[in-house]
Every structure is written in structure tokens, then in C-alpha cells.
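Letter by letter, the chains look like this.
There are 2 protein chains.
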Amino acid sequence: MLLDINHHNGIPIYRQIMDQVRRQIVSGLLGENSKLLSVRDLAAQIKVNPMTVSKAYAYLEMEGLLLRNRGVGLFIAPLTDQQKQQTREGIIEESVKTTIATARQAHLSKEELIAIIERLYNEKP
Amino acid sequence: MLLDINHHNGIPIYRQIMDQVRRQIVSGLLGENSKLLSVRDLAAQIKVNPMTVSKAYAYLEMEGLLLRNRGVGLFIAPLTDQQKQQTREGIIEESVKTTIATARQAHLSKEELIAIIERLYNEKP
DNA sequence: CATACTGTATTATATAAGTAATACACTATA
DNA sequence: TATAGTGTATTACTTATATAATACAGTATG
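Protein chains in written order, with my numbering: chain V, 1017 to 1141; chain D, 1017 to 1141.
Any given hint could turn out to be false.
Since the list can't tell identical chains apart, any single copy or any two copies may satisfy a pair.
Below 35 Å or equal to it, Euclidean Cα-Cα: the simulated DSBU-like pairs (lysine-lysine) are [stated by the list, open to error]:
| hint | residue 1 | residue 2 |
| --- | --- | --- |
| 1 | LYS1063 | LYS1100 |
| 2 | LYS1113 | LYS1051 |
| 3 | LYS1126 | LYS1113 |
| 4 | LYS1113 | LYS1100 |
| 5 | LYS1126 | LYS1051 |
| 6 | LYS1063 | LYS1113 |
| 7 | LYS1126 | LYS1063 |
| 8 | LYS1126 | LYS1100 |
| 9 | LYS1071 | LYS1113 |
| 10 | LYS1100 | LYS1071 |
| 11 | LYS1051 | LYS1063 |
| 12 | LYS1100 | LYS1051 |
| 13 | LYS1071 | LYS1126 |
| 14 | LYS1071 | LYS1051 |
Rather than coming from a laboratory, the hints here were simulated on the basis of the structure.
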């Protein structure tokens, strides 16, 4: 799965990497001891400096989501399904809350918001 | 309406100001020629340097959303209802798209996403 | 015309973020 | 054991963001 990095939205690249890799890890798609893309490979893929990728991975290790092994590579940390589910819910709730706050400030009703989601969800499947 | 500035999420403060003031302007709550909070007052309110606020206002003027008058103050630009509506829709769509992308990466169905919205929309009204 | 507000510019300083090039540390493996 | 692949550190440099203090520019109003 490719990462989608935006260089112009003001969100630090290493944070964008963290957010997207975090979602990959807790999504359950990657197996238990899967190897992640190497620092250099991911850096090349998204056209970014290796140290920027390394920084993102370092923070994700602090979060307990992956393990870094010098000379070997990067592996998904052993997480229980419950841990993954909790993280996944936290990520989604944070995003949904932002959207709801935006909708409220724009005076959009819950029904109008849901209508927009219904429409956009089927656009680029 | 108070602005909610987060100093720790990596999003530049002037962009957070822009996003929130933009929503206020196009929401229709503030009247046609309403005065906005002065640079110094807003800066004091959110505990930020006046030049950071001035920068946000400068960009919003470039977007055509407000007018800056030295010695007088800041005023909402004359916008048609259609212009406001378009901007409002653009803001919401951008936010919704982010949430949908997050939901997809977390393998959440449209129905599950809508269920979460139904739940969270009524939490802090 | 003095005063008290507006918004803006300047200068200096600090920090975060990102890049580039190079070197280092570690491990698997032919 | 040489090699090629891991991740990491260092150094130098650039840019963006934010602050502080001060000064400047413009307007309304007593």
C-alpha cells in the first residue's frame, strides 16, 4: 500500500508517515511479524529524506507499534487484537470528531453531513 | 465564538486561525459588513503573537474573504450567498474526504462510519 | 491636534522541520 | 570473511514558524 504524502498542507511529513503507517499496522492487513518497508526504500518511494522516515519510525516504536532492528529491519510489534481495535477506534474517532466540528461550524445538520458521506464514499473506491 | 488553537498537533498556528476564521465567515453567522476581532485582541485571546494573527488575516484577504483597513479594522468581504455556500461545501468535503480515507485504511464500512458519526454527533452539542 | 485605537514592518532570536552527504553500527548470507 | 543489505548518527545548511520589542502608518474622535 502506497503512502500518500502531501508536501503543501503544512502537516509535517514525518507526522503524515506516522499516521498512515499506524493505520496500516492496526488495520490487520499486515501479518503478525511482517516486515515493514525499509527506511531507504520508503524514503525513495515517497521521495523524501531517509532521516525523515527514520524519525517517523522512531516515534512509532515509542508508541509500541513496531520494532526497529539495526541490520535487520522493521517489524510490526506483537499486538493483541484488542490493542489494535482500540487504536483503530481512537484514530477514527479523532478524525470523525474533527469533521463533526467542521460541519457544526458550517451549520450543517447531521443528516446533511451523512448525505455528503454517502455521496463521497462511493466516488473513488 | 472562541477559536480553539492547539499548540501541539504540528499544524501551524496561523493555518489553524485561517481555517477557523474562514469557517466563521462563510457560515453566515456574522453579518455582511461585520467587524472581525482586531489583530491585538485575537492575539491576546488565543495567547499568540500579533504578527501570527496578522499573517493569518493577510492570507484570508488574499483569498478574498476579508478586508484589512489600517487604522480601522477588519471586515468581512462582500460575498454572495453562492460564494459562501461553495466555500462551505469545499471545506466540508475536504474534511469528509480525510475521514473517509482514514475509515477505508482502517477497514471500516460506510455503515460503521455512519454509526460512529451518529453516536459522536450528539456527544458534545 | 492630541490621543487612542487600528494594521504593519523591522530586527533579532529561537525552534522545528527537512534535506544532503557522509560515515558509522549491526546482521545475514554467499 | 567479504559483501550487501539493514537502521543510525553527525554535520551543515535551508526554510518555515513563532516570538519579542520596537517602531511606523493610518483613522476616528474627543
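Against the structure, the hints come out as follows:
no.	hint	result
1	LYS1063 - LYS1100	within (29 Å within a copy, 37 Å between copies)
2	LYS1113 - LYS1051	both (32 Å within a copy, 29 Å between copies)
3	LYS1126 - LYS1113	both (13 Å within a copy, 16 Å between copies)
4	LYS1113 - LYS1100	both (20 Å within a copy, 23 Å between copies)
5	LYS1126 - LYS1051	between (41 Å within a copy, 30 Å between copies)
6	LYS1063 - LYS1113	both (31 Å within a copy, 24 Å between copies)
7	LYS1126 - LYS1063	between (40 Å within a copy, 32 Å between copies)
8	LYS1126 - LYS1100	both (29 Å within a copy, 20 Å between copies)
9	LYS1071 - LYS1113	both (27 Å within a copy, 27 Å between copies)
10	LYS1100 - LYS1071	within (22 Å within a copy, 41 Å between copies)
11	LYS1051 - LYS1063	within (20 Å within a copy, 45 Å between copies)
12	LYS1100 - LYS1051	within (17 Å within a copy, 48 Å between copies)
13	LYS1071 - LYS1126	between (39 Å within a copy, 33 Å between copies)
14	LYS1071 - LYS1051	within (18 Å within a copy, 44 Å between copies)
This entry satisfies every hint, going by the numbered hints stated previously.
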